[in-house]
Amino acid sequence: MPETATDRLARLLTMVPWLVARQGIDLDQAAAELGITVEQLETDLRLLYLCGYGQMPDELIDAQWENGRVFITNADTIARPLRLGRDEALTLMVGLRALAAVPGLGERDAIERAMAKLEQATGASAEAAARVEVAISEGVEADLLADARRAVEGHRRVHLRYLVPSRDEATERDVDPMRVVNLDSRWYLEGWCHLAQDTRTFRMDRIARLDVLDVDGTPPDDAQLRDLDAGAFTPRPDDTLVTLLLQPGAAWVSDYYPTESVQTAADGSQTVTLRTADTLWLRRLLWRLGGRGTVVSPPEVAQVVSEGAQAALAAYGADADPPGTGG
Amino acid sequence: MSSPTGPAAKTERLLNLVLCLLYTRRPLPKSRIRAVVPQYGDAVSDEAFDRMFERDKDELRELGIPLVTEDIGGAWDDEVGYRIDQREYALPDISFEPDELAVLGLASRTWAHASLAGPAAQALRKLKAAGIERDGDSLIGIEPRLGTSEPAFEPVKNAVVGQRTITFGYRTGGQGGVNSRTVQPWGLASWHGRWYLTGFDLDRQAPRVFRLSRIDGDVTEVKKAPAYAVPADHRAQEMISTTVGEQPTRTATVKVRADRGNSLRRRATGSNESGEWTELEVPFSDDDGLADEVSGYGADVVVLSPPEVRDLVVARLRGALSAHTGGAA
Numbered sequence: 001m002p003e004t005a006t007d008r009l010a011r012l013l014t015m016v017p018w019l020v021a022r023q024g025i026d027l028d029q030a031a032a033e034l035g036i037t038v039e040q041l042e043t044d045l046r047l048l049y050l051c052g053y054g055q056m057p058d059e060l061i062d063a064q065w066e067n068g069r070v071f072i073t074n075a076d077t078i079a080r081p082l083r084l085g086r087d088e089a090l091t092l093m094v095g096l097r098a099l100a101a102v103p104g105l106g107e108r109d110a111i112e113r114a115m116a117k118l119e120q121a122t123g124a125s126a127e128a129a130a131r132v133e134v135a136i137s138e139g140v141e142a143d144l145l146a147d148a149r150r151a152v153e154g155h156r157r158v159h160l161r162y163l164v165p166s167r168d169e170a171t172e173r174d175v176d177p178m179r180v181v182n183l184d185s186r187w188y189l190e191g192w193c194h195l196a197q198d199t200r201t202f203r204m205d206r207i208a209r210l211d212v213l214d215v216d217g218t219p220p221d222d223a224q225l226r227d228l229d230a231g232a233f234t235p236r237p238d239d240t241l242v243t244l245l246l247q248p249g250a251a252w253v254s255d256y257y258p259t260e261s262v263q264t265a266a267d268g269s270q271t272v273t274l275r276t277a278d279t280l281w282l283r284r285l286l287w288r289l290g291g292r293g294t295v296v297s298p299p300e301v302a303q304v305v306s307e308g309a310q311a312a313l314a315a316y317g318a319d320a321d322p323p324g325t326g327g
Numbered sequence: 001m002s003s004p005t006g007p008a009a010k011t012e013r014l015l016n017l018v019l020c021l022l023y024t025r026r027p028l029p030k031s032r033i034r035a036v037v038p039q040y041g042d043a044v045s046d047e048a049f050d051r052m053f054e055r056d057k058d059e060l061r062e063l064g065i066p067l068v069t070e071d072i073g074g075a076w077d078d079e080v081g082y083r084i085d086q087r088e089y090a091l092p093d094i095s096f097e098p099d100e101l102a103v104l105g106l107a108s109r110t111w112a113h114a115s116l117a118g119p120a121a122q123a124l125r126k127l128k129a130a131g132i133e134r135d136g137d138s139l140i141g142i143e144p145r146l147g148t149s150e151p152a153f154e155p156v157k158n159a160v161v162g163q164r165t166i167t168f169g170y171r172t173g174g175q176g177g178v179n180s181r182t183v184q185p186w187g188l189a190s191w192h193g194r195w196y197l198t199g200f201d202l203d204r205q206a207p208r209v210f211r212l213s214r215i216d217g218d219v220t221e222v223k224k225a226p227a228y229a230v231p232a233d234h235r236a237q238e239m240i241s242t243t244v245g246e247q248p249t250r251t252a253t254v255k256v257r258a259d260r261g262n263s264l265r266r267r268a269t270g271s272n273e274s275g276e277w278t279e280l281e282v283p284f285s286d287d288d289g290l291a292d293e294v295s296g297y298g299a300d301v302v303v304l305s306p307p308e309v310r311d312l313v314v315a316r317l318r319g320a321l322s323a324h325t326g327g328a329a
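Residue numbers (our numbering), protein chains in the order written: chain R, 1 to 327; chain E, 1 to 329.
Calculated from the structure, these hints are not laboratory results. Be aware that one or more of the hints could be misleading.
Said to hold, decoys possible - Cβ pair distances, simulated, as ranges:
1. Gly-54/R to Gly-73/E: 53 to 59 Å
2. Pro-103/R to Ser-285/E: 21 to 27 Å
3. His-159/R to Gly-217/E: 48 to 54 Å
4. Pro-57/R to Glu-97/E: 38 to 44 Å
Note that beta-carbon positions come from the ideal geometry of N, C-alpha and C, so glycine has one too.
This is chain R alone, in the form it adopts within the complex:
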C-alpha cells in the first residue's frame, strides 16, 4: 500500500527530531534505522528543504546530505516529536503489560518505571490502551519457562524430550539454548540442536521434559538464530515449490505460512505458492482443510494428500460399528 500524504507527514514529523538529535549521521545508517530506503530518505530531505514557517530563506528548513552525512538545521519549530498517537501509545502499553505478566522476569522494575513514564507522557491514550489485553504467559508451565531462561542466561546445555508433531515422534536430544521467544502467545525455545547439528526451534508446550545439564551450553559461533520478523518459517530456495488453491475459508493459511506469491481472485479464493522441504506438514494441513485447500502442483504432492485421506477414511470404514452413527 503506498504511503498517504498524511502518513508521510507523520513520519517526517518523527524523522526530523530524530535526525536533529543525530547531526552528521551517516545517510545509509539513518535510512536503515528509520526503516526506509536511502532513496526515500533523500526524497524526504529534498522535500524538507522546501518547507518552512515562511518562504524567506532564513525561514526554511536547511537539510544537507552531501558526503553521505545528514545535517538538519533551522527546524526548531518541529525539533520535538509529536505526542504519541493513540495506536502508538497502545502498542507500547499493551506490550509492556504483556511482558510484566511473564512469570519470573527479572526486568519487572524497568517495566514498571517505563510504564509510569509512558502513562505520564500519554495521559488519556494510556487509559484507552487498558482495554486491549494480551496474555502471553499462558500455555507454559512457569517452572519450564524459568528453567529455559536460566539455561539461556547461564549458557547451560539442556536435555529435551520433545514431541515432533509433523512427524508424530517423541525424540530425545541435547540442545544449547540461545533464546526463548513467544510467537502469538506460544512459547518457543531456540538453540543449537546436537541431534540435528543445526539451530532448531522447539515449541515449549511440546517439551515433555527439560533437564538443565551441568555442561557448558555455548552454541557454535556460526549458529544463526532465525529472523523472527521474517515469520515463523524460513524456506530454502531449493525446497519444493508447491502451488495451492485456497477457498476463502482457508485464506488464513497465507497469513500463517510464508508464501512466495499470493493471488486473490474476485471471490476471495487465493492461489498461493510456497516452498517446503518436507511435505508431511502440508499433507496434515490439507487433510485438516477438508477440501478448502487443494494442491494444484506438483501432482506428486496432490497424490500423497489424496492417498493419505483415502487410507484415513479406510481406517474409519474398518471400524465397522461407529457409536451413534452420523451421516
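Since the structure of chain R is provided, determine the placement of chain E on it from the hints.
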C-alpha cells in the same frame, strides 16, 4: 519540483501549515495562512482554498496535532485565527534509562509482524528521538511477537478504544451460519494466540465474547448509537477464559497406532492398549479444534466418540480426498 496536486505536494503543504502554525505565537487568520503557505496559492478560487484548508485542518487533527481555533476579532468583526500550541503538540521531555528503553524496545517489537507494526516502530522512534541510545539491544533473553492476521482486528480495535457500537456478521461454531450481531465493545484481548472481543450484545441483551476470526465480512460502526460505559470491573481476559472455557469439559475416545498421536497421548487422561492400536481418553473443548487436530494425523488416529467429532473428521477427509481427485470440492 513535484506535481502541484500529487501526494508529495500535499505533504509539503501540510508540513508548511504545521510549521507556520507552530511558529506563530498569535493565532493566524486564514488570509495570512493563505499568503504564507505557498501551495495554497495554487487554489483557483476562494471557495477552493476554503475547502482545501478545512480538509487540511481535519487531517492534521486526525493525526493528533492540537490545532486550535481562537477568536482574534477586534471590536468590529469576529474573525478567527489558528495556531498549534507547542506544549500541547510536543511529546513531554522524558528521559528513559537504558534498561527502560530495552523493555520499551521489546514491547515495540512485540508488534513487529502485526498490523500495528508501523505505529509501534514510530512510537519507539519518538521516545528515542531525543536521546542517543547506548547499546539498545535487549539482553532479556525472551522475545515476544504478536500476530493480528484477523481482518477484523483493525476496525474492532478502533471501536474498543473509541468506545463505539459496532455491527458485524458472526459465524457460530461448527457448520452454523452467519448472523448479524450488534455490540457495545468493552475489551479486546489476545488469549492463547487468538484475538477476542468482549462486549454487550444488544441483540441478546447480555455480555458476550466473540472470536475475531469468526467475524465475517465488514465491521461497521452504528451511527448515532447512544453512548455507553464499560463496566468498571470488566476484565476481558477473565471473561474470555471463563466464557470460552478452553478448560476442556468433555472427553473424546480416540484410537492411535503404535508410537503415533504423541500430542494426544500426552494429554490423554486414560489409555488402553490393544494390539496395533491404543485407545485414549482425550479431554477437549471445541469440536472443530479436535477434528482439525485429528484430521491432521490421517490414518494414524481414529475418533471413536463423540460421533459429532467423528463426523467432522470424516467430512474433512472426504473434502480433502474429493478436492484432490478431481471431484467437486
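Outcome of the hint check:
For the pair Gly-54/R and Gly-73/E, the beta carbons lie near 24 Å from each other, so the given range of 53 to 59 Å is not met. Distance hint check for Pro-103/R and Ser-285/E: the Cβ-Cβ separation is about 24 Å, which falls inside the suggested range of 21 to 27 Å. Separation of His-159/R from Gly-217/E is about 50 Å and conforms to the stated range, judged on CB atoms against 48 to 54 Å. Taken as a hint, the range 38 to 44 Å holds for the pair Pro-57/R and Glu-97/E, whose Cβ atoms sit roughly 41 Å apart.
Comparing the model with each numbered hint stated earlier shows that hint 1 is the single one that does not hold.
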